[in-house]
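Top line first, the protein sequences correspond to chains A and B. Here the first sequence stands for residues 1447 to 1735, numbered as in my numbering. Here the second sequence stands for residues 7 to 227, numbered as in my numbering.
Just so you know, these hints were derived from the structure itself, not from any lab. Do not take every clue at face value.
Unchecked claim - From the structure, some residues in chain B lie toward chain A, with a derived Cβ separation under 8 Å: (1) K9; (2) F10; (3) V20; (4) M21; (5) I22; (6) P24; (7) A30; (8) T61; (9) D81; (10) I86; (11) G133; (12) G134.
Backbone N, C-alpha and C define an ideal beta-carbon position, used for all residues, glycine too.
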Amino acid sequence: MFKNVAELVEIANAKKCSISEMMIIQEMEMSGKTREEIFGQMERNLQVMEKAVERGLDGVHSKSGLTGGDAVLLKVYMEKGKSLSGNMILDAVSKAVATNEVNAAMGTICATPTAGSAGVVPGTLFAVKNTLNPTREQMVHFLFSAGAFGYIVANNASISGAAGGCQAEVGSASGMAAAAIVEMAGGTPEQCATAFAITLKNMLGLVCDPVAGLVEVPCVKRNAMGSANAMVAADMALAGIQSKIPCDEVIEAMHQIGQSMPSSLRETALGGLAQSKTALRLQKEIFGK
Amino acid sequence: MGKFKSVFDIIGPVMIGPSSSHTAGAARIGRVARNLFDREPKWVQIHLFGSFARTHKGHGTDEAIVGGLLDFDTDNQEIIRSLEISKERGIQIQFIEEEKDAEHPNTAKIVMGDDDGQIEVTGISIGGGNIEIIGLNGYELHISGEHSAILVLHHDRFGVIANVTNLLSKNRINIGQMEVARKEKGKISLMTIEVDHNISNELMKEISQLENVVNVTRIVN
Chain A
1447 MFKNVAELVE
1457 IANAKKCSIS
1467 EMMIIQEMEM
1477 SGKTREEIFG
1487 QMERNLQVME
1497 KAVERGLDGV
1507 HSKSGLTGGD
1517 AVLLKVYMEK
1527 GKSLSGNMIL
1537 DAVSKAVATN
1547 EVNAAMGTIC
1557 ATPTAGSAGV
1567 VPGTLFAVKN
1577 TLNPTREQMV
1587 HFLFSAGAFG
1597 YIVANNASIS
1607 GAAGGCQAEV
1617 GSASGMAAAA
1627 IVEMAGGTPE
1637 QCATAFAITL
1647 KNMLGLVCDP
1657 VAGLVEVPCV
1667 KRNAMGSANA
1677 MVAADMALAG
1687 IQSKIPCDEV
1697 IEAMHQIGQS
1707 MPSSLRETAL
1717 GGLAQSKTAL
1727 RLQKEIFGK
Chain B
7 MGKFKSVFDI
17 IGPVMIGPSS
27 SHTAGAARIG
37 RVARNLFDRE
47 PKWVQIHLFG
57 SFARTHKGHG
67 TDEAIVGGLL
77 DFDTDNQEII
87 RSLEISKERG
97 IQIQFIEEEK
107 DAEHPNTAKI
117 VMGDDDGQIE
127 VTGISIGGGN
137 IEIIGLNGYE
147 LHISGEHSAI
157 LVLHHDRFGV
167 IANVTNLLSK
177 NRINIGQMEV
187 ARKEKGKISL
197 MTIEVDHNIS
207 NELMKEISQL
217 ENVVNVTRIV
227 N
């Protein structure tokens, strides 16, 4: 049983197994279920993610009209082959946006770790898939390694925007994605932890300030940037760059920042972008008050 | 370890958007309340606190809690139509946005009933669609609603707990976790027992007939 990232890495090294494998073993011990049952359940989650991305890339719009159609714009733009930040990153971004646009339209998604941050993990997974050519089994493993880090954050800090701000949601999701990319690309458990730390360090302080209280603006675009952040951090960790602040201490810092965040910046729509002039106008248009 | 026990608390649930805490978690709170009431209520008052009170309209929290009360799971598309469905079935529903904050930012207190009785369930949505039930009829408890459980309201006397656990033992039912809470010494207590198997109707009846037991409810999974 691992309680923090240091233990997770240490046990993985001692047992010579991957982070995803550690999560699978722990899940088997905790639930009493077989490996096949647990794998099957995660495979079904993967299918939900695939369908959500597909639907989002076809174009979907929310009831409020605040979000929708951006995944399609990115897809068309990429096809022209003139993107500046590179197609792999934009692929991740478009698929993250696709997922969150489906979520905003009250479609079916898989929370990873939350619904508002559901785009980052699948977005990056389906983008690196084209380059790393993983087997179906490796794709399921990706979700277990992401899950292992999310599990630690949820128990030691928070994954709720209402409790810890967006850093706890998209911040956690991005870190989870970065760690999972590193494992899929053949990195070590330490490099997974480093990728998580680098990602979350760059998400610290991010507040949860949804316009009109809807999981749309700025949530969809934060998923976009969260996935780009994860891709770059994964590359940095794979290049051998280290994090001066250990992963667990970054998580603790995130927790402390969340605790000291005023309630107006934690999913109450009483501060930040939610109180901008335009947000208040949009809120009035949508709800008539 | 903490409140999140499974990797599927993190990668999951599969759900209707847009918010895991305000939609999926809200639906789960409603569904556990329904499970505890054990039948469809005639009337419901839903008190919303904190972030729930401020942002419930945008997140479909209303539809989600009512969907849960109609026994819909987080991925059931019918959640979107739950307010209409409950109207068709003649369930009276009232939402109350509370001004004062509760301890947890996402708290809902559901009071519901029919001609035969009423129940008050308080739940918190702790992130990623995960919930905790923290109050039942004014008594404190801590259950996720994901496990089978039996909740026994009883006079605060010696031997009651032993009598209940004896019956469970006789029926070969293993206890995962248990908790006892009381408002005042010597008055009424709530015993919450999470168990590995569902409690049958017969056993419910047997427990309710034990000396000093006031009332028995259960969670079936």
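Verification of the hints:
1. K9: Hint on K9/B: holds, closest Cβ of chain A at ~7 Å, below 8 Å.
2. F10: holds, 4 Å
3. V20: holds, 5 Å
4. M21: OK, holds: M21/B within 8 Å of chain A, min 6 Å.
5. I22: Cβ of I22/B sits 6 Å from chain A, so the hint holds.
6. P24: holds, 4 Å
7. A30: holds, 7 Å
8. T61: holds, 3 Å
9. D81: holds, 6 Å
10. I86: Hint holds; I86/B Cβ to chain A Cβ min 6 Å, cut 8 Å.
11. G133: holds, 3 Å
12. G134: holds, 5 Å
In summary, this structure violates none of the numbered hints.
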